[in-house]
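Visitor: Please work from the sequences and hints to get the whole structure.
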Amino acid sequence: MTNYIMSFLVGGLICVIAQIIMDKTTITPGLILVSFVTIGVILGALNIYDIIIKYGKAGATIPLPGFGYSLAKATIKEVKTNGLVGAFTGGIKGAAGGITGAVFFGYIAALIFNSKTKG
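For the sequence shown, the working numbering begins at 1 and goes up steadily by one.
Because the hints were derived from the structure by calculation, they are not lab data. A quick note: this is a predicted structure, and the numbers were derived from the prediction, not measured. Heads up, a few of these hints could be off.
Computed cross-link-like contacts, DSS-like style, restricted to lysine-lysine with a CA-CA straight-line distance of at most 30 Å [stated by the list, open to error]: (1) LYS57 to LYS24; (2) LYS77 to LYS54; (3) LYS93 to LYS57; (4) LYS57 to LYS77; (5) LYS57 to LYS80; (6) LYS54 to LYS93.
Guide: What follows is the structure, encoded as structure tokens:
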């Protein structure tokens, strides 16, 4: 039960921070998205995000900083294994499942809900 509560609190806090930034600043959602992924990469590379994941579990791994963390950890591992080439291949290998899922389910949602571009 504690895992569920901590996941909810950590994931919710990440979302609350993003919402406050959107409401109180003129920063675009796209820049917030990129910033959160970048923060996840930095915190992952410094092993700080490991502590957040220890307590927040899925609440820390599923939001955008968790994606950045996955990219950083996979890249670091690949560089240690394959050298400089790993800097180019590690992130893709580590995040392939998440990227594939996002593309697949995004496509399914677009078919079901008849999506249109804003204009």
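Visitor: Starting from the hint list further up, note which numbers the structure goes against and sort them upward.
Guide: none
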